[in-house]
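Residue numbers (my numbering), protein chains in the order written: chain A, 1 to 520; chain B, 521 to 758.
Misleading hints may appear alongside valid ones.
Said to hold, decoys possible - Sample of chain A residues at the chain B side, in silico, Cβ under 7 Å:
#, residue
1, L286
2, S305
3, K375
4, S383
Please keep in mind that the hints were generated in silico from the structure rather than gathered at the bench. Think of the CB as a built atom: it goes at the ideal place given N, C-alpha and C, for glycine as much as any other residue.
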Amino acid sequence: MNRTCLLLRAQVINYFSLNEIKHPGSKKNTAAIMGVGVIMLILFFCAYNVLTAQALIQMGQQDLIPAYMVAISSFAVLILTILRSNGILFGSRDMDMLSALPVKASEIISSKFLFMYLLNFLICFVFMASGGLVWILNTPLDIIRSAFYFLSMFFVPLIPMCTASFIGLFIVFASSRFKNKNVFSLVFSFAALGAVGYAGVSSMQPGNDIENLGAMLAGQIPRLYPLSNWFLNQTAFPASAGPAAFIILSAAVFYLFRMLVSVKHGVLNALAGTSWKYTISRKAVLKRQSQFTALYRKELGRFFSSYMAVLNTGLGVLMLCLFSISLLIMSPGQLGQYIGINDMNSFLSKYAPVVIASMLSLSCPAASSISLEGKNIWILQSSPVSVKTILNSKLAVNLTLHAFGYFLAVFAIMARLSMNPFQILSMLLIPIAYSIFTTVLGGVLNKKYPNYAWENEMLVVKQSFPVIVSNIIGIATVALPVLLHWTLSIPLMPALWGVAMAAITASSVMYQKTCESKFI
Amino acid sequence: MSILETKNLTKIYNSKRKAVDSLTLSIEAGDIFGFIGANGAGKTTTLKAAAGIHDFDEGEINIGSYSIKKDPIACKSMLAYIPDNPDLYEHLTGYQYINFIADLYNIPTSQRPQTIKKYSDLFEMTPNLENVISSYSHGMKQRTAIISALVHSPKLLILDEPFVGLDPKATFLLKQVMQECVSNGGAIFFSTHVLDVAEKLCNKVAIIKAGRLIANGPVGTVKGNQSLEDFFMEVQDA
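Let the hints inform the model, and build the full structure from the sequences given.
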């Protein structure tokens, strides 16, 4: 086995805690629950893609399926890699150890890229395999074109990965020039995400020309991802020429990017590592604070000093803030036209609690806050502070973050829409119930399943068991009343209130039970 | 008077491996108690259980008159723990970290400046406390951890390999601080692999092997006529 594969194997074992899972009685239950969650997520996306592909077939646009699947999976890889490339490629804690080993920088980079590739390949596989099967079963058999399509599945993640990593590199480089590097890293990252998101949404602007739906979609898909154009049926070239060219280009771009990063990796890693280290030195005011205040302030500082934590766990609140600001700037009608909702006023009057609650459910720093203590956990464990106080401080940071999004959203919606008193009351109270539920659930799960032995923050911030499970349950709790309304025609507001009451009750039980614990 | 008492302490990992097996110890006011054992013998597990960091399966641990299982907060208020590799909050400055610890121990504002100054001057950390901890060397982090441990004048200091990473001067100063603590009626419970230090510094030692206590008592009684190192090698090979 060559050294790149050895490094990759070590990363995979470490990342997925494979040895601990194999070990009897250790993390097997956690792995089983997480496995079920991941399989459910994969099945959900497969079902969604199959339905989308079938819809295209019903419209007579089956030839658009390959391009559509390539565009959508590339876009997903791009967005997800922007959020985590810096955590994997640069600034991970194992870099010092790896640099001391007799391995080349290019081998370290290759192993890290391959690791990122494995995760992204899974995304492409879920999108492209399910959609591709529907396409093959519903079109005249073209073996070469089909073979190229499935072969390209291995290459589709490469260019979005390189693009996202390049954006990540730019963020590392640009923010390193400022004193408050973290703040600038976050501003640049959110700006990059916003720009990519804006490009995606504007490229998919709905049209009204139903008769020329094929032409409209054929125009939209390449706008979302220009290279997907090569998967559309071209008359000038053989059908397989586009995918073949795509494969060659992807491999070439990946090779060049890997070479570039290998050469400058030492410098970039140092820049990433210093991004939060050198804050302004100042003498602390030796003023007494309560235990809760001291922990809360420490926790808030810790949260905002972690670029990775803010970027990943603050995304839901940021989206809510962007939505609210857009609503304040544009008229509801304009905003509705922009995001494809015909009657924004009546939509928001009805769904405002759901919109706010769903965004808040996506932001749950509490689910990784205990794990993020990492090797510092001994400080809290040996201090005379109750589990309740520690937990409260972590939950309070989560609720503070939610409060920003919540107040802005409530203000924007109330300022722009006319709602009846019951709708206003629902909008005010239901998101609070969901916010408390998401926060408590995340905190409790992290208390029960902490991981202090991480090498990279991203491992606990984005892919840890408490984070994934709390996100899935949070979203499912928001989706439940909506699904009940759509499928069983149960009125939305009573369903929302019912689930919100249940969520608050569950939060109270979970919180009280966790606070009884004597050891953090 | 017993400051730390463990009775039949047992800690089991992964439902089968006994890391500590029926350990009974008593540390009294004025004791500098050295805890000796090979790697993996159960020293850190015992120290962490005594500091209330993790739970244990059987037995009791009492700090003063409090049980660590029933009243961990009261126990922890009386002690300070310093691990072998003190990972501190790197985004804080030294001052901010020490002040944070002082907040957790509810130290009055009036008491803080002189205590912090006393120990930061002693460990020559005063000029560095305004810098963020991430810029510190290993030894500086350890000194900061020691200062923060002393800020609430603990009755019991639990130290895991305290001399690793300290330069000779800091080692000397730490020994001085340990002596000062016991002369004020406190006690020290620390693990070490440096048997010379244990022999010279401690009045009592305990030797642990594979989780079981194999020797315990005043240094002279434990080692007899031979050196502590010779005695340790003898019991290890037995």
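Okay, the hints, checked on the actual structure:
no.: 1; hint: L286; result: holds (5 Å)
no.: 2; hint: S305; result: holds (4 Å)
no.: 3; hint: K375; result: holds (4 Å)
no.: 4; hint: S383; result: holds (4 Å)
Of the numbered hints given earlier, the model fails none.
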